[in-house]
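These are the residues of each chain, in order.
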Amino acid sequence: MLKSLVRIIKAGTATQKEILPDQSPESRGLPAVNRDAWENRDRERGYDWTKLCPTGAITVRQSDSKDELDLDLDLGRCIACGLCPDISPEGIIEKNLSTKTAVKNRRDLILSTGQPKEKTSQNPAPPQAKENIFQGSVAIRVVSTGCSACDLEVSAAFNPIFDMERFGIQLVASPRLADILMVTGPVGKGMQKALMRTYEAMPEPRLVIAVGSCAISGGMHGEKNYASTGGVDAILPVDAYVPGCPPHPWSIIHAVMTVMDHKQLSK
Amino acid sequence: MKITADQIKNIAKHDLRHELKQRLKNKDNRLGLVTSIDGEQVLTLVLDCADKTAELWQSDLEGASEYPAVSPVVPQAHWFERRLKDLFHIEPTGHPRLKSTFTENAFDGNLAPLALDQNKKAPGPRDFSYLKVEGKGVYELPVGPVHAGIIEPGHFRLSCQGEVIQNLELKLGYLHRGVEKRLTEIPWKLSRHLCEQAASDTAAANALANAIALEALLEIEISETARRARTIALEIERLAMHIADVGGMAVDLGIAAEASTLSRLRGQALRMAELLSGSRFLKGFICPGGINVNSDFAGERTRIALKSLHAELSPALYEVLHTFTDNTYVQERLENTGKIPHSLAEEFGLVGPAARASGIAYDTRTTFNQGLYKDILLEPALEKSGDALARTLVRVKEIETSITILEKLLEESLDEAASAVALPESLKANSFGVAIVEAFRGELIHLIATDSDGAIVRYVIKDPSLNNWTAMAIAVRNELIADFPVCNKSFSLSYSGHDL
Ligand code: SF4
Numbered sequence: 000m001l002k003s004l005v006r007i008i009k010a011g012t013a014t015q016k017e018i019l020p021d022q023s024p025e026s027r028g029l030p031a032v033n034r035d036a037w038e039n040r041d042r043e044r045g046y047d048w049t050k051l052c053p054t055g056a057i058t059v060r061q062s063d064s065k066d067e068l069d070l071d072l073d074l075g076r077c078i079a080c081g082l083c084p085d086i087s088p089e090g091i092i093e094k095n096l097s098t099k100t101a102v103k104n105r106r107d108l109i110l111s112t113g114q115p116k117e118k119t120s121q122n123p124a125p126p127q128a129k130e131n132i133f134q135g136s137v138a139i140r141v142v143s144t145g146c147s148a149c150d151l152e153v154s155a156a157f158n159p160i161f162d163m164e165r166f167g168i169q170l171v172a173s174p175r176l177a178d179i180l181m182v183t184g185p186v187g188k189g190m191q192k193a194l195m196r197t198y199e200a201m202p203e204p205r206l207v208i209a210v211g212s213c214a215i216s217g218g219m220h221g222e223k224n225y226a227s228t229g230g231v232d233a234i235l236p237v238d239a240y241v242p243g244c245p246p247h248p249w250s251i252i253h254a255v256m257t258v259m260d261h262k263q264l265s266k
Numbered sequence: 000m001k002i003t004a005d006q007i008k009n010i011a012k013h014d015l016r017h018e019l020k021q022r023l024k025n026k027d028n029r030l031g032l033v034t035s036i037d038g039e040q041v042l043t044l045v046l047d048c049a050d051k052t053a054e055l056w057q058s059d060l061e062g063a064s065e066y067p068a069v070s071p072v073v074p075q076a077h078w079f080e081r082r083l084k085d086l087f088h089i090e091p092t093g094h095p096r097l098k099s100t101f102t103e104n105a106f107d108g109n110l111a112p113l114a115l116d117q118n119k120k121a122p123g124p125r126d127f128s129y130l131k132v133e134g135k136g137v138y139e140l141p142v143g144p145v146h147a148g149i150i151e152p153g154h155f156r157l158s159c160q161g162e163v164i165q166n167l168e169l170k171l172g173y174l175h176r177g178v179e180k181r182l183t184e185i186p187w188k189l190s191r192h193l194c195e196q197a198a199s200d201t202a203a204a205n206a207l208a209n210a211i212a213l214e215a216l217l218e219i220e221i222s223e224t225a226r227r228a229r230t231i232a233l234e235i236e237r238l239a240m241h242i243a244d245v246g247g248m249a250v251d252l253g254i255a256a257e258a259s260t261l262s263r264l265r266g267q268a269l270r271m272a273e274l275l276s277g278s279r280f281l282k283g284f285i286c287p288g289g290i291n292v293n294s295d296f297a298g299e300r301t302r303i304a305l306k307s308l309h310a311e312l313s314p315a316l317y318e319v320l321h322t323f324t325d326n327t328y329v330q331e332r333l334e335n336t337g338k339i340p341h342s343l344a345e346e347f348g349l350v351g352p353a354a355r356a357s358g359i360a361y362d363t364r365t366t367f368n369q370g371l372y373k374d375i376l377l378e379p380a381l382e383k384s385g386d387a388l389a390r391t392l393v394r395v396k397e398i399e400t401s402i403t404i405l406e407k408l409l410e411e412s413l414d415e416a417a418s419a420v421a422l423p424e425s426l427k428a429n430s431f432g433v434a435i436v437e438a439f440r441g442e443l444i445h446l447i448a449t450d451s452d453g454a455i456v457r458y459v460i461k462d463p464s465l466n467n468w469t470a471m472a473i474a475v476r477n478e479l480i481a482d483f484p485v486c487n488k489s490f491s492l493s494y495s496g497h498d499l
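Each protein sequence line maps, in turn, to chains A and B.
Note that numbering that gives the first Met the number 0 numbers the first sequence so that position 258 is 257, with each residue one more than the last.
Note that numbering that gives the first Met the number 0 numbers the second sequence so that position 217 is 216, with each residue one more than the last.
Honestly, the hints are just simulated from the structure, not real lab data.
Please note: incorrect hints may appear among the correct ones.
[What the hints assert, rightly or not] A short, non-exhaustive set of chain B residues, derived as facing chain A with CB atoms under 8 Å:
id: 1; residue: 102
id: 2; residue: 106
id: 3; residue: 109
id: 4; residue: 115
id: 5; residue: 117
id: 6; residue: 118
id: 7; residue: 151
id: 8; residue: 172
id: 9; residue: 179
id: 10; residue: 180
id: 11; residue: 198
id: 12; residue: 224
id: 13; residue: 263
id: 14; residue: 266
id: 15; residue: 297
id: 16; residue: 299
[Stated by the list, open to error] Away from chain A, derived, C-beta distances all over 10 Å, residues of chain B:
id: 17; residue: 90
id: 18; residue: 105
id: 19; residue: 177
id: 20; residue: 178
id: 21; residue: 193
id: 22; residue: 278
id: 23; residue: 493
[Stated by the list, open to error] Below 27 Å or equal to it, Euclidean Cα-Cα: the simulated DSS-like pairs (lysine-lysine) are:
id: 24; chain 1: B; residue 1: 24; chain 2: B; residue 2: 12
id: 25; chain 1: B; residue 1: 51; chain 2: B; residue 2: 26
id: 26; chain 1: B; residue 1: 306; chain 2: A; residue 2: 50
id: 27; chain 1: B; residue 1: 427; chain 2: A; residue 2: 16
id: 28; chain 1: B; residue 1: 407; chain 2: B; residue 2: 427
id: 29; chain 1: B; residue 1: 26; chain 2: A; residue 2: 192
id: 30; chain 1: A; residue 1: 223; chain 2: B; residue 2: 12
id: 31; chain 1: B; residue 1: 119; chain 2: A; residue 2: 50
id: 32; chain 1: A; residue 1: 50; chain 2: B; residue 2: 26
id: 33; chain 1: B; residue 1: 180; chain 2: B; residue 2: 119
id: 34; chain 1: B; residue 1: 180; chain 2: A; residue 2: 223
id: 35; chain 1: A; residue 1: 9; chain 2: A; residue 2: 99
id: 36; chain 1: B; residue 1: 51; chain 2: B; residue 2: 306
id: 37; chain 1: B; residue 1: 427; chain 2: A; residue 2: 192
id: 38; chain 1: B; residue 1: 1; chain 2: B; residue 2: 119
id: 39; chain 1: B; residue 1: 120; chain 2: A; residue 2: 223
id: 40; chain 1: A; residue 1: 192; chain 2: B; residue 2: 396
Every value quoted in this text rests on a predicted model; they were computed, and no experiment measured them.
C-beta atoms are modelled at their ideal positions from N, C-alpha and C, and glycine is treated no differently.
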């Protein structure tokens, strides 16, 4: 007992003070598209390197407006393998270490060299855009349908280092008490019923967050196969998406801030 | 290791059970796995721990879809045989309980995802029944599939009398995502990414098994430094997950101080993973041919950073682990809880910490991976009592050995580690690549079969949990309901690795 006390006092506060800091430089982070590098690229080189992406997240297509090519990178499919920042010529793809990666709209996960999209506003509103009623605190229920990496990172978001509870975010053991449903994994057919029942048991208004590339697009499991549906939004309306494989605990916190429309932290 | 078509031993399907029983009489032999390539045959992998070799047996089904089940004489085969029925429509006749490993109503009754003949009708409906316990005052307690905390889904049906558990029925399969099938559809060079997702808490071990099996089929050798870097990754994973498991035990026992310290220290182990690989889960690090790092990877800088983190972590870990295991409340609560006697552990072919806690000295790091661990790992961590305390103590010992192994491995330079061997374009045709890796939960096997073009026709992943789930169900019999979480946690089994 005494030993434990001494240890705890000695350890001091483990909780990170800085909110939503960047990931450390050793981390692979997520890829980002550098428009300038794309514009000035060496056109002779070809685009074979884009085909090396394990999930086919990078595509080159005819531009909508001008006689040009555009590059799209879908973070919703990216498993953060770290390959493209390394192999893309002339720094077209860069490493992005920001943990503020959650978005409300699926289309905002597609980074494009095309016309700068007016963020979100041009897109149709998210399916369940709700009044900002969860200002003070929210309760979360997690349903795992995947390989456990995302689950471990959601758990980590509640550990003493990230301490999600300090933002008024609580984990609850029953869907009846929950405001937010967090879903990880590609939602295999075996989990569909349990997931729907969890959702239906939640009081309204309720929000859904898709955590990780499997929950967003099926990830490495593919868009559809005999056993899986390729993402949560095939069966439930999703209010926020957090890319990554798995997303960093800070990004998971960012997702909750995003659906809560937190004044400073959702940006 | 590589097994070519002509090295395969043909065993008539009627003789399989006796051959296997005979073979397993020698304690150095183990059953690796039982499966099929496409539903036309039964494939049995038998391991020889003394010779460090594996043998592959093939039993042709002769156009039929049934064969005499092995389980009645070799009980540990029962789970493998249940999967044969689900994945291939193969009917092991005489199987004591051919329950489905899928979830009810998730799939069409005729679906046999890995069978060659996709029009084959199911011989009968899948069995989803629960064993009924009858008697005065017996009631059923359903738990899951969605659990109260943040863990993977699975359903437990407890039949209880008063506060005592009489029987536990497991229903898994909620996470069946078609991983093995998909592994035959994507290019082999990408398979490591999906293997990591078979069970991401075991990402490094799965990637390593994938790499070893593919390297056997590519007939290449990798550099000594790359091997060392991989071993470092595997040990960091073991360290992080064992800390998480002991910490989880502290949570379930209500010892908040140790629980919180352990979760903080697990963060440091993950930081080591990130320093080495750029990923907290070591994803994308191990690849066929060596390791995969970005071009700015600096071996020496990484090694020094890892060393200093290691030096900081180890004394803190020793202190908290010993405070935890010296606690008499912890000892009393876990002692005699969820006991698996040695004989049962043997009969059911347990692996990993659960086996070692029941006195079975099986650690594939010493039996099969000598090269990686020579001179470093001498003895498997052993306990005898087979209870939850023993399983916890085995993990604690293994945390300490991992710390020691890492210290040794970090002494030498990692500078050359990044230079991967160039890969041939195609895999050896008509062959099998086998990898046996000690994941933190125990023996993990990957088996890859290629056809005459060198394309992958079957990819088998045998997660250590597959061997151990039955033992967990047996261990809770006659225990209090209140001890169920502790028993379950002491086994620390994977749902995703089992369901695939
Ligand atoms: S980092 Fe993402 S987008 Fe880039 S190659 Fe890897 S998976 Fe594809």
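Results for each hint:
no.	hint	verdict
1	102	4 Å, holds
2	106	6 Å, holds
3	109	12 Å, violated
4	115	15 Å, violated
5	117	10 Å, violated
6	118	15 Å, violated
7	151	5 Å, holds
8	172	6 Å, holds
9	179	10 Å, violated
10	180	7 Å, holds
11	198	6 Å, holds
12	224	19 Å, violated
13	263	5 Å, holds
14	266	5 Å, holds
15	297	10 Å, violated
16	299	14 Å, violated
17	90	21 Å, holds
18	105	4 Å, violated
19	177	4 Å, violated
20	178	7 Å, violated
21	193	4 Å, violated
22	278	6 Å, violated
23	493	7 Å, violated
24	24/B x 12/B	20 Å, holds
25	51/B x 26/B	13 Å, holds
26	306/B x 50/A	38 Å, violated
27	427/B x 16/A	54 Å, violated
28	407/B x 427/B	36 Å, violated
29	26/B x 192/A	45 Å, violated
30	223/A x 12/B	36 Å, violated
31	119/B x 50/A	37 Å, violated
32	50/A x 26/B	50 Å, violated
33	180/B x 119/B	17 Å, holds
34	180/B x 223/A	12 Å, holds
35	9/A x 99/A	32 Å, violated
36	51/B x 306/B	33 Å, violated
37	427/B x 192/A	43 Å, violated
38	1/B x 119/B	32 Å, violated
39	120/B x 223/A	23 Å, holds
40	192/A x 396/B	41 Å, violated
Hints 3, 4, 5, 6, 9, 12, 15, 16, 18, 19, 20, 21, 22, 23, 26, 27, 28, 29, 30, 31, 32, 35, 36, 37, 38, 40, counting from the list given before, are not met by this structure.
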